[in-house]
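Protein chains: 2
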Amino acid sequence: MGSKAKKWESELLRMLGEIREASREVSRLSSSVKKKILLDVALALKKETRRILRENRKDLVNAREKNLSRAMIDRLTLNPKRIDAMVQCVRTVAGLSDPIGKVTSRWTRPNGLRISRVSVPIGVIFIVYESRPNVTAECASLCFKSGNVVILRGGREAYYSNQALVAVFEKVLTRYRLPKASVSFVRTLEHKAVDFLLKREKDIHLVIPRGGESLIRKVVKMSRIPVIKHYQGICHVYVDRKADLKKAVAIAYNAKMQRPGVCNAMETLLVHRDIAKDFLPVLGEKLREDGCEIRGDYWTRRILPWVRSAQAGDYGHEFLDKVLAIRVVPDLLSAIRHIQTFGSAHTDAIVTQDRRAAQIFTEQVDSSSVMVNASTRFSDGFEYGFGAEIGISTDKIHARGPMGLEGLTSYKYIVEGNGQIRT
Amino acid sequence: MGSKAKKWESELLRMLGEIREASREVSRLSSSVKKKILLDVALALKKETRRILRENRKDLVNAREKNLSRAMIDRLTLNPKRIDAMVQCVRTVAGLSDPIGKVTSRWTRPNGLRISRVSVPIGVIFIVYESRPNVTAECASLCFKSGNVVILRGGREAYYSNQALVAVFEKVLTRYRLPKASVSFVRTLEHKAVDFLLKREKDIHLVIPRGGESLIRKVVKMSRIPVIKHYQGICHVYVDRKADLKKAVAIAYNAKMQRPGVCNAMETLLVHRDIAKDFLPVLGEKLREDGCEIRGDYWTRRILPWVRSAQAGDYGHEFLDKVLAIRVVPDLLSAIRHIQTFGSAHTDAIVTQDRRAAQIFTEQVDSSSVMVNASTRFSDGFEYGFGAEIGISTDKIHARGPMGLEGLTSYKYIVEGNGQIRT
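Protein chains in written order, with this note's numbering: chain A, 115 to 537; chain B, 115 to 537.
Extracted from the complex, chain A is given alone in its bound form (with noise of 0.2 Å):
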């Protein structure tokens, strides 16, 4: 046991001594070698695919054997247009403008000291997540993109996939003459390589856990590391007194049902009481003929009889599900102490053509991405236009909200004076 532990530590260590070194070199690329490094990678994927299809049907057969649920199944499943689609993806990252090496600031200070800030990258980042194989490629795009060096740590049920993946990305790197180590993977299966790793704030310098809320507490509770996450997306909808009914019934369909399992679809509801007995029966029909399961309070009940009884623990939960949480509320103040009391700072929107109510919510709820008039769905990086998304962060420091490229960005100052002593 000992020094089988001591084998996967050793190996660990060697990984990260070969990112230091890579770290250097790839984050001093020129932006031209690095977008076309990654128009070869979207070429490799395409050309491979047969071969990361293989290796997918492992981790497929493997996930059949334990009895995997089928949604895990999924999600895991690649076919050639869930590859295309990788492709696609590493194609836009390509072709994205560089953040790196950008002067965001500049000026003089009295005694003639001349300071610039000039983006750099942020090192070392650490990527832990489930079983979707298409992050891999994703995020070591958007690392390499941004002169980062990314670990990968995906879930053990994808791990054939992840190395298929990860073998492209070295394959071209080779031919560039980069060390592999610019698109690390840990190969390791050990249950405390993330543990270790999560230690390692000298060679590490941000660790972006992405999946459920259970992986994500393990690691901030261990991390020594920055880490930027968002635990849950409990976004409400507020129909305000002054809604566009029609609107407002398309917005909160859309919230709730365009893809309910995701962190920016609607969970709670929340009607504005003058507004609630014409807006409700029509949302209400058109969710309960679409199989969406409601939970009201007594005044939805009111106006929709049918619908079940809501719990305490229903509002400020994360159904990711057919299920929606829909309270009536007396006035707009209350809309949002609601949301201040039960959401988690995600996204939350407001439906209203009264002007000064959009401006009292946008301005009191504290989320992440405050909507007026649209739906909590379009809060995504590729929605933003930032091109790609590495996450959702409803931490308040760093990046917060969609998190793209610059995301990936650190700073540092350029002094140059000629001579300035302090005194």
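Everything labelled a hint here was simulated from the structure, so no lab data went into it.
Treat the hints with care, as some may be off.
Since the list gives no way to pick one copy over another, a pair counts as held whenever it fits inside one copy or between any two copies.
As the list claims (entries may be wrong) - Below, a list of computed lysine-lysine pairs in the DSS-like style, where the Cα atoms sit at most 27 Å apart: (1) K149 with K335; (2) K400 with K150; (3) K332 with K121; (4) K361 with K400; (5) K150 with K335; (6) K316 with K332; (7) K149 with K121; (8) K121 with K436; (9) K436 with K391; (10) K120 with K195; (11) K306 with K356; (12) K332 with K313; (13) K313 with K120; (14) K313 with K335; (15) K180 with K332; (16) K400 with K360; (17) K285 with K149; (18) K120 with K306; (19) K306 with K332; (20) K316 with K216; (21) K436 with K360.
Please arrange chain B on chain A, whose structure you already have, making use of the hints.
Just chain B now, with coordinates in the frame of chain A:
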């Protein structure tokens, strides 16, 4: 024991509840009100000088009873001059421009969604620090100015001084009908209070530890809340072969001797071998005269035979004293390699008239501040023109280097549509 533990815990929970309410109020204060309040605080601090000094004396009596070191007692001691400096600092912060509510970016998507990114306060910031009571007034002002609620936990040796300073803030806040909790102070001396708070990630959004390395390591280990910090300042000056000799001597002397006990003082000097014979005797003599101990490598000692031999541990060591490690290097890249290996990514400087050398140095040295022909001592929020400084970060995320008011802000996305849904 059990019921005593319960008492401080419930006190802290009550404080956190009050802070939640206070945070909503403080985050929405107008620029002019925040400015007026801070100017009133400055006045009140001045007016209450005698009371503050009286409370400070209690701490000093305790400190002497406990045989604290002279350095510690010095840091703890307040006098009218030091209080004036504090007053001046609060006044400066009052006059800085408000960092909140700024639209830092705005764009429209093809589907018509208008997205803007607006600066907001981080929320609740927990400052854990050691003996110097001036940190209390500085941090309280900076956090308040940026719409944040601060939780102050100073060293127990400064308990009475800190309490007196916080009381001044509370008095002014009350006059403006703001909750006292807007500037909060951890009153219990219970050791476990800090650990308890470091786990309240729902209530506290950022932790800034200020003090020695062991304090900071403890905070990072316990915290589930993001921490911004620097462990050490192992700053280097590299004197290139093309350095202006006079500037090099002035900068190296200033970087080491102007204030040896601070994080941006030089700890190791690197000298190009072609200039060592001309440079080292001049600097060496100056340092020797002023009582600075030098620890040099073989080549240094060939030129300065009176110098003590450097041991392995001397490079990369933070002396925080009149002690300097010197190493002669064969070229620029060796100097960079040395800094990459032994540095702490805080502040490193090159002295050279060669623009190409300066460029390579600023590109390859990935420290929060990289200086050309200037003393490392300039790496400081005031010197950079930020008006004040809450700390220096060697982290790669959020704020890096000297951290002023801007570092105390987050942002949110406001998305305005006219009924958009996602398809």
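Here's how the hints hold up against the structure:
| no. | hint | result |
| --- | --- | --- |
| 1 | K149 with K335 | neither (37 Å within a copy, 39 Å between copies) |
| 2 | K400 with K150 | neither (49 Å within a copy, 54 Å between copies) |
| 3 | K332 with K121 | within (24 Å within a copy, 29 Å between copies) |
| 4 | K361 with K400 | within (14 Å within a copy, 77 Å between copies) |
| 5 | K150 with K335 | neither (39 Å within a copy, 41 Å between copies) |
| 6 | K316 with K332 | both (20 Å within a copy, 16 Å between copies) |
| 7 | K149 with K121 | neither (37 Å within a copy, 60 Å between copies) |
| 8 | K121 with K436 | neither (47 Å within a copy, 44 Å between copies) |
| 9 | K436 with K391 | within (23 Å within a copy, 78 Å between copies) |
| 10 | K120 with K195 | neither (42 Å within a copy, 58 Å between copies) |
| 11 | K306 with K356 | neither (55 Å within a copy, 51 Å between copies) |
| 12 | K332 with K313 | both (13 Å within a copy, 13 Å between copies) |
| 13 | K313 with K120 | within (16 Å within a copy, 32 Å between copies) |
| 14 | K313 with K335 | both (11 Å within a copy, 9 Å between copies) |
| 15 | K180 with K332 | within (23 Å within a copy, 41 Å between copies) |
| 16 | K400 with K360 | within (13 Å within a copy, 81 Å between copies) |
| 17 | K285 with K149 | within (16 Å within a copy, 59 Å between copies) |
| 18 | K120 with K306 | within (12 Å within a copy, 35 Å between copies) |
| 19 | K306 with K332 | both (12 Å within a copy, 22 Å between copies) |
| 20 | K316 with K216 | within (26 Å within a copy, 35 Å between copies) |
| 21 | K436 with K360 | within (21 Å within a copy, 74 Å between copies) |
Hints 1, 2, 5, 7, 8, 10 and 11 from the earlier list are contradicted by this structure; the remaining hints agree with it.
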